[in-house]
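In case you want the letters, here they are:
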Amino acid sequence: MNAITGHGAAVHIIDCGKTFPDGTQALAPASLDIIAGETLVLLGPSGCGKTTMLRIIAGLETPDAGGRILFDDTDVTAIPIEQRHVGMVFQSYALFPNMTVAENIGYGLKIRGVGKADRAARIAEMVALTNIGGLENRRIDQLSGGQRQRVALARAVAVRPRVLLLDEPLTALDASLRDRLRSELNRLLRSLGITAIYVTHDQAEAMELGDRIVVMRKGAIAQIGTPRDVYFQPQNRFVAEFVGAANIVEGPIAQGRLSLPGGWLALSDAADAAAAVAMIRPETIGLVAEGGASLCGTVESVSFIGDRQRVIVTGAASKPLTIDAPNGINVEIGQRVGLSVASAAVRVLPKED
Amino acid sequence: MAGTARPRRRLCNCYLMPTQCLPATGAPTSAMSHRSFIWICLLPLVLVTVAFFVLPMAQLVAVGADGPRGAGAYLAILTEPRYRATLINTVLLATATTIATLMIATIAGLFLQRHRFPGRAVLIAMLTFPLAFPGVVVGFLIILLAGRQGLIGAITLALAGEKIVFAYSIFGLFLGYLYFSIPRVILTIMAAVQKLDRGLEEAARSLGASPWAVQRDVVLPALVPAFVASGAIAFATAMGAFGTAFTLATNIDVLPMLIYTEFTLAANFAISAALSIGLGVIAWAILALARSMTGGTVAAAG
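Heads up: the protein sequence lines correspond to chains A and B, in order. Take 1 as the starting number for the first sequence in the numbering used here and just add one per residue. Take 1 as the starting number for the second sequence in the numbering used here and just add one per residue.
I should point out that these hints are in silico values taken from the structure, not numbers from a laboratory. Since the model is a prediction, treat every value here as computed from it, not as a measurement. Among these hints, one or two may not hold up.
FRET-style restraints, in silico, Cβ to Cβ [stated by the list, open to error]:
1. Arg216/B <-> Leu70/A: 54 to 64 Å
2. Arg198/B <-> Asp179/A: 27 to 37 Å
3. Leu123/B <-> Glu250/A: 58 to 68 Å
4. Gln142/A <-> Glu80/B: 44 to 54 Å
5. Arg198/B <-> Leu70/A: 22 to 32 Å
6. Pro211/B <-> Ala245/A: 23 to 33 Å
Covered by chain B, per the in silico footprint, the following chain A stretches (three or more residues, Cβ under 8 Å) [stated by the list, open to error]:
7. 155-163
8. 231-238
9. 287-296
Note that CB positions come from ideal geometry on N, CA and C, so glycine has one too.
Chain B on its own, in the form it takes in the complex:
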């Protein structure tokens, strides 16, 4: 005990926060030095947070309110038709991505966790492969699939005489985000399915529930925390991802693209800062809402 306490004392006396290491009158010395040790352990995190998060954020907030509109720049996100439309677009896109991802990943995750078949491990590895891809590569893949020289275009041209191209639209972006989100969500759902008590399903069946009723009444309700956790992450990703949108086209109206154009092309620092804050607040609010809905299990499940 004494052997471990001494180096701690020396460390904190010599370096960082000497005042905290002084024993308070009446308080046991070891308890005090223990507490200051914990503070010292927190210090790197505090420094990094202040230097690279709090200060830039504060600066961003200030810049947003510093333009020709003043603090009205924040209001402009909602009042200016172009910004408002983009905001709605982005939220709709993120919502659609989240719902589609959850539906596909739930069916696939249930199947993959519940069935053993040859090639299962390879399939799971392939499905989770896109985890490593940056948005640019995902965008590239979408162009290869549905771009002007893409696979779908070639097939539809041969079959129907008309080339279908949608890579450069918001639908291409939707596909890209889907591709991006599915692996993350599938892994979360598979883990949740694995933890399900098979007895619950057997109990429901013994009471007369058809396979569909079992899914509706037992399996899906039990997976809700996993849906919320992985859905929130899919939503936040789809709100803020930039690489895919940038690769597909520069004229898709989503918030990250708007911020980019306002910032680099129009040099409209105040608006881009205000939009950035708005984007962050919405994504953060969705995560917070999800967390409160499941009673704080989101972090654990995610």
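Just chain A, same shape as in the assembly:
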């Protein structure tokens, strides 16, 4: 552990659910183990329970009876947030308007009784780490959104928290700044080696930042896995559609083939079924000549996006298929095309509902 890194704790969430006084269940009892030093992303649409989960870990909400939170081997369920030694970054940043940038960053240290000289040294360290040199004596209302975000992060990390909790920290920023800060944040989290739990509804953020992603839906965990797992092997239709773009096709499976209105697709291994649901990512579908292709359709539209072109093909499946084709090939509306999909790229999903 060097001067900058905090002591990352492993976090164990055991049967933590949350029912609000009005009877609505924000979170069904869930268990989750977070490895020390990893960045875990809680991903899901609004109202999926991800923020509730974060607030339970933080100590801002208490789980329903039976739920427990452990930092390493210490049960912290009954410990209030001010004694849990966590760092928290809020969507609104929640910087103290009555304090300067330096006072904001040093507040946690001051509260903990760190002496003035040590405090100043740590503040300088944080200022350097988050690239906000020269802003130390500014007031919060004199900062841009990106600068506020950095100050909020510096303030949370300054106290060397055991767990860093980030609640949609980039959502309030505009798109280009968000992309830049995302990679900066990624580097920072890696270099700190801190245990971080990151809440977002943005799947691109989740992919880039997460060692593992927990996809949540309606107060329950839909899937836990690495970004690659979640993207290529979604366990259900919700995950497939929420993480990245997905074509969902339906048809019967027989002899390792999925029959569709426009032909069939080979599957790597699948049991026969009268009605199956499968997912195909747009970039895994290749456009080929019509002759000899097992699946054919008609080009309905072509949108040139720059690095690729998005082709919509009808007639192949019951719903139009979205295909991300290389930007160099020439396709025209109305053209008949063949579609080639590697068998491994067709992911058969379990039947739901």
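Keeping the supplied structure of chain A fixed, place chain B upon it in accordance with the hints.
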């Protein structure tokens, strides 16, 4: 556009300020008539202000300087021991009222805004009920509480054998002003608390701040504009309120009472005018100071 411009032109040409409606050479006609329309809208306010504010004030200033002491009447507020003592008394009373009101109303306002409990709406309605009372009624209530036949007197007589009566003193007046100011201040503070970002408190707690430290470092600093705004109004009210003082007793030494006695009993017009101006200047200066301290947010917050 033309349809709306025409009636305006007709209005201003026929009535109030015809010269302003004439288009200046080179200036667009519509812009000119628009500007004069705004002036005409301001006119009622200007007339009322001149007739009922500026002229009487000027007269008051003149009367103050017109007595046997001349302009020295103004100086007498500070040099004459009786006047000076009263002035200090009044300022002290107003200051004490403001501080006590702010303390009580802040605690109550924070609690009321942050907690939901049965009867909360009724309690808030009761707390703000005195808003409608004139000072006379407030004075009456204080007498019922701490007067010669009052509740406190009866209780202390039964318990300690001694009747405690303070309604007719400056402490009774203090209670009355407190009763008067608390509803106004509570409402302002509740509105300010509602606008507080809960994230600020959660951030402070996550950094290790105890509940007390959160109040000291985050909540109270954020409420300062509301304190200044509502405190200034409480102060001005306590400086100038007359009804309560008059109901409680005529011998409490506060400025409004002094003005009343000088004016009606001693017919000392010059001094009462000078005292009135002095009272106004002090209250106005406090409001101006409060406004400058918060960068002009007082009007908005109040």
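Against the structure, the hints:
1. Arg216/B <-> Leu70/A: 54 to 64 Å: Distance hint for Arg216/B, Leu70/A is violated at roughly 32 Å.
2. Arg198/B <-> Asp179/A: 27 to 37 Å: Given range 27 to 37 Å: holds, Cβ gap about 30 Å.
3. Leu123/B <-> Glu250/A: 58 to 68 Å: holds (60 Å)
4. Gln142/A <-> Glu80/B: 44 to 54 Å: Between Gln142/A and Glu80/B, where Cβ atoms are some 51 Å apart, the hint holds.
5. Arg198/B <-> Leu70/A: 22 to 32 Å: Once the Cβ atoms are compared, 27 Å apart, the range 22 to 32 Å for Leu70/A and Arg198/B holds.
6. Pro211/B <-> Ala245/A: 23 to 33 Å: violated (48 Å)
7. 155-163: holds (count 3)
8. 231-238: Answer violated; 0 residues pass the 8 Å Cβ test.
9. 287-296: Coverage by chain B is violated for the stretch 287-296 of chain A (0 residues, Cβ < 8 Å).
In this structure, the earlier hints numbered 1, 6, 8, 9 are contradicted, and the remaining ones agree with it.
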